[in-house]
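Single-letter residue listing:
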Amino acid sequence: MLDALRTIEEEFRAAIDEAGADPERVEAVRVRFLGRKSPLTALMKQLGKLSAEERPAAGQAINQLKKSIQQSIEEAVEKAAAGALEQELQDSSVDVTLPPRSPWRGSQHPVHATRRELERIFRDLGYTIETGPEVEDDFHNFQALNLPPEHPARDAQDTFYLEGDRLLRTHTSPVQIRTMESRRPPIRMVCPGRVYRRDHDATHLPMFHQLEALVVDKGISMAHLKGTMDRVWKTFYGEQVKTRLRPAYFPFVEPGAEYDISCQVCGGEGCRVCKQTGWIELGGAGMVHPAVFEAVGIDPDVYSGWAFGLGIDRIAMMRHGIDDLRLLVENDVRFLSQFPT
Amino acid sequence: MLVSLNWIRSLISCDAETDEISRKLTDRGLTVDAVTRHGEDTVLELDIPANRPDCLGHVGVAREIAAGFGLPAPTPETASPSADGNKMVEIDDLAGCPRFTASVVRGIKVTPSPRWVVDRLEACGLRSVNNVVDASNLVMLETGNPIHFYDLARVQGARLRVRRAEEGERLTTLDDIERELSADMLVIADGGRAVGLAGVMGGAETEIREDTVDVLVEAAYFDPQTVRRTARKLGMHTDASHRFERGADRNGVLAAQHLARRLLTDLAGGKPELELEDLHPEPPAAVQRTLRGSRVATLLGYRPEAAEIKKALEAVGLSPEEAEEGVWSTTIPSWRVDLLREADLVEEVARDLGYDRIPAMRGEPERLPIGSRQRAADQAEERARDLLAHLGFHEAVSYAMIGPGEDQAFVAAETPAPIPLSNPLAEPLSALRRSVLPGLLKALDRNIRRGTRDVRLFEIGHVFHDRSTGLPLEPARLAIVWSGASAPVHWSAPVPDVGLSDMAGVVEAVISGVTRNPAPPRDSQVGIDAFHPAISASWTADDAPVAWAGELHPAVRDRLDLPSGIFIAEIEIGKLAAGRPLPAQYRPIPRFPSPARDLSLVLDAGVRFADIRAAVESVPSPAPSAVDLIDRYAGAPLEEGQVSLTVRLSLHPTERTLTDEETEGYRAKVVQRLEQVGGIRLRD
Chain D
7 MLDALRTIEE EFRAAIDEAG ADPERVEAVR VRFLGRKSPL TALMKQLGKL
57 SAEERPAAGQ AINQLKKSIQ QSIEEAVEKA AAGALEQELQ DSSVDVTLPP
107 RSPWRGSQHP VHATRRELER IFRDLGYTIE TGPEVEDDFH NFQALNLPPE
157 HPARDAQDTF YLEGDRLLRT HTSPVQIRTM ESRRPPIRMV CPGRVYRRDH
207 DATHLPMFHQ LEALVVDKGI SMAHLKGTMD RVWKTFYGEQ VKTRLRPAYF
257 PFVEPGAEYD ISCQVCGGEG CRVCKQTGWI ELGGAGMVHP AVFEAVGIDP
307 DVYSGWAFGL GIDRIAMMRH GIDDLRLLVE NDVRFLSQFP T
Chain H
11 MLVSLNWIRS LISCDAETDE ISRKLTDRGL TVDAVTRHGE DTVLELDIPA
61 NRPDCLGHVG VAREIAAGFG LPAPTPETAS PSADGNKMVE IDDLAGCPRF
111 TASVVRGIKV TPSPRWVVDR LEACGLRSVN NVVDASNLVM LETGNPIHFY
161 DLARVQGARL RVRRAEEGER LTTLDDIERE LSADMLVIAD GGRAVGLAGV
211 MGGAETEIRE DTVDVLVEAA YFDPQTVRRT ARKLGMHTDA SHRFERGADR
261 NGVLAAQHLA RRLLTDLAGG KPELELEDLH PEPPAAVQRT LRGSRVATLL
311 GYRPEAAEIK KALEAVGLSP EEAEEGVWST TIPSWRVDLL READLVEEVA
361 RDLGYDRIPA MRGEPERLPI GSRQRAADQA EERARDLLAH LGFHEAVSYA
411 MIGPGEDQAF VAAETPAPIP LSNPLAEPLS ALRRSVLPGL LKALDRNIRR
461 GTRDVRLFEI GHVFHDRSTG LPLEPARLAI VWSGASAPVH WSAPVPDVGL
511 SDMAGVVEAV ISGVTRNPAP PRDSQVGIDA FHPAISASWT ADDAPVAWAG
561 ELHPAVRDRL DLPSGIFIAE IEIGKLAAGR PLPAQYRPIP RFPSPARDLS
611 LVLDAGVRFA DIRAAVESVP SPAPSAVDLI DRYAGAPLEE GQVSLTVRLS
661 LHPTERTLTD EETEGYRAKV VQRLEQVGGI RLRD
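First to last, the protein sequences are chains D and H.
The first sequence begins at 7 in the numbering used here and counts up by one.
The second sequence begins at 11 in the numbering used here and counts up by one.
Calculated from the structure, these hints are not laboratory results.
Remember, predicted model here, so these are calculated numbers, not experimental data.
Backbone N, C-alpha and C define an ideal beta-carbon position, used for all residues, glycine too.
There are no misleading hints in this set.
Simulated crosslink set (EDC-like; lysine to aspartate or glutamate; CA at most 16 Å straight-line):
| hint | chain 1 | residue 1 | chain 2 | residue 2 |
| --- | --- | --- | --- | --- |
| 1 | H | Lys-320 | H | Glu-331 |
| 2 | H | Lys-243 | D | Glu-156 |
| 3 | H | Lys-34 | H | Asp-366 |
| 4 | D | Lys-224 | D | Asp-305 |
| 5 | H | Lys-679 | H | Glu-627 |
| 6 | H | Lys-585 | H | Asp-388 |
| 7 | H | Lys-243 | D | Asp-161 |
| 8 | H | Lys-34 | H | Asp-57 |
| 9 | D | Lys-85 | D | Glu-24 |
| 10 | H | Lys-243 | H | Glu-176 |
| 11 | D | Lys-281 | H | Glu-55 |
| 12 | H | Lys-119 | H | Asp-221 |
| 13 | D | Lys-281 | H | Asp-43 |
| 14 | H | Lys-320 | H | Glu-335 |
| 15 | D | Lys-248 | H | Asp-366 |
Pair by pair, the computed Cβ-Cβ distance ranges are:
| hint | chain 1 | residue 1 | chain 2 | residue 2 | range |
| --- | --- | --- | --- | --- | --- |
| 16 | H | Glu-424 | D | Pro-105 | 45 to 51 Å |
| 17 | D | Glu-84 | H | Ala-497 | 43 to 49 Å |
| 18 | D | Gly-132 | H | Arg-526 | 24 to 30 Å |
Bound conformation, chain D alone (with noise of 0.2 Å):
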């Protein structure tokens, strides 16, 4: 019996092999060996046959042998199975190179996307943000800022005129003076906006963008116009850059200082871009003049204020690596959705 019930296992491993993962095949196997005429059902058939001792551990021995048939059966089965929907899958299979449909990507603009996110460190700062008209008078373009007429720093700015006492705006300036007017101290703002001025060859546009930073309270200092600035570009360009500031004239401030950075491109060793002084000019700060709160009516006595102005054209230019200004008003999408959003 024992003997039987060896040779019957040894076939059932043998065919069971040589089924495989065919479903067919593993299916005819569970007929041989768990069918009606299977030699297993023959084997229990006999069991009647011995005698009453041996009777319980024959149909052990032949229930156990049963049990592994029908798990090894149920193995192959689920084998066959998944072979089965494996190769289903793979004749299903796509040419996964072929370009796939992507949806469009537009872009920001270089400048504006510069511009807003200097914005947002500035808003995050607590800064409120001011426009103004772009076609300007006199008074708020220059004389509140303490450019008289015939004051020779106006050459700087070459100005568009048009009719009446009117011109395109040379700088954002005028917006500091009309939210001056409009609100007393404490002012914290920036101003961004589109500027004009006569003016056109390889490195000057007629029109480009400024954004001015202007700060009015009871005990501001060129101190704080320090601290703060050096917070905005370590934020914009990360903790290494460092900032620096030089006396300079603009007639609106008192004391006027450039403001510099570190050159990003060196890191301030001295290269092409800063011209090996390892530092790159920004923009023009300082103490806002006293002839500029008194043109407002804010008493220079009791409040004093620091202002900053940039050009975000160069900001962008050098940000992304613009190497030709022009570029930034072509409107080549070639160029342009080199930014995508």
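Following the hints, complete the assembly by docking chain H onto the known chain D.
Then chain H, alone, in the frame of chain D:
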């Protein structure tokens, strides 16, 4: 200004290296733009700020260098005016010419200049002419005070008069150009005619020639505004006018006279006459200013030692006296025309101690507001920008200046005339735009010419509408141009080119994206010439148009030499942004099935989808209803002009499930209503 270091070293004893001098000057606000060699000399190219005319001469620059290195300042010699002598000069216009000095040097001989003179002038960017002309340039470059030499023999009556020009008076200047003068210009005249433009350029008649023997030396102080106005009116800018309009040293004329007389003696063998006439009828009182240490601390954010403040002021030639503790009073020297207020003195202190001394303070006073909300208009523009970029449009920036009339077809008939520029750079940039579209179409044209077929651009910017008085209105506009494919091109299926429906969809997405409300109803009337009269749409809110879109009119397209199939749109983003949109409000999601019924309708010519929508909406429905277009067909077997539309009616009950009878009853009523409209029938 070009500065010769050899020249500087002849004025002060400074043995610092060029690099050190360069750095010191830059740190003091006189930026060194370039350093070059000129023979044995080193030349610094200095960027002199407009408020420092004193540094437009080597003495002034030497003063700054001396202050920077703590060296004794240069001490130019001055001539002494004679108490009473030859009266050669009269001043008619004291406002234009507050001070005039004149003297005579006789017996000069005009020759080429010696080498050192040629070298110095060339180092400073001037060409040598002859010993006499060179002498006047040396005086200007050393003292910063321009002077002028007259050939005394050619000065009629040997007398000069400073007066306003006569209207239409003519004067041929040194550059041999005959100029017509006006009555607000200041001239130097002799017994007969104008012989020089005061502070700008001398006249040709009295200029120094080969045969000149006696020279009249003029060293004067002219009113900056008068000089500037004269020069600008005549389109002139000279070394002299550059200095006078910034403010020459009113008392420096005597040092200039002294140096001129000495140079004419040394270089041309001249013999100065003793008399030096100094017409200065109203010498101004010495300028006194006060500086409070507390003000220094307020503006700089730190308080220097009293001794440092005193030293800083003395370094630049001031004479501070501590009037009371922490308060200094000082006389301002005549050459520092920029030191007008206390803040100017604060800058002197800051400059001397170095801007690096200013600490960096983070926290501003606590009174200042913290955090700020974005303005509604900025928020709207930002949302529109993000939305369009995500839809595949590229943001453009174009000039606000366009050619005259270029925008005529793009604005409504009632739009005010464009504002012209008085001094444009060029004709194509000579008026302010009233629509953003012309600039954007130029960009589209450029892209197409460069071989890009699919172009989608947008721009947000101001347009300018003139008013009868004051500043113009500057409404913010968003413009879109679109040519080529209507969707991303893919190999799986052909993509049609852009049509009105694509552009209208984008416009409505922008409107609802900005306002967080559905776009207002679409209308077919645009009323702007540049739009195709049939293939265009407009949107109106509160009785005013807020957007218009359509195909570029073929006539305009041909005039601009553009290909067909270009769609354009302009949106009054400023108007849409007027209110901050409220947060979107939640409505319950229907929990009951939404039954739908499709109707195939045949429409006669002239009947529009909007008529169907209106009819459907007029039928009372058992639950909130919607009507959507799901198919459109034109062609056989329909008649010419007819279209077949398949619309889907759907009901969205919120309270309970609708019965089939209710849905069917609704459908029947809609069909009945549609058939009453006229021109609509249910397709068999």
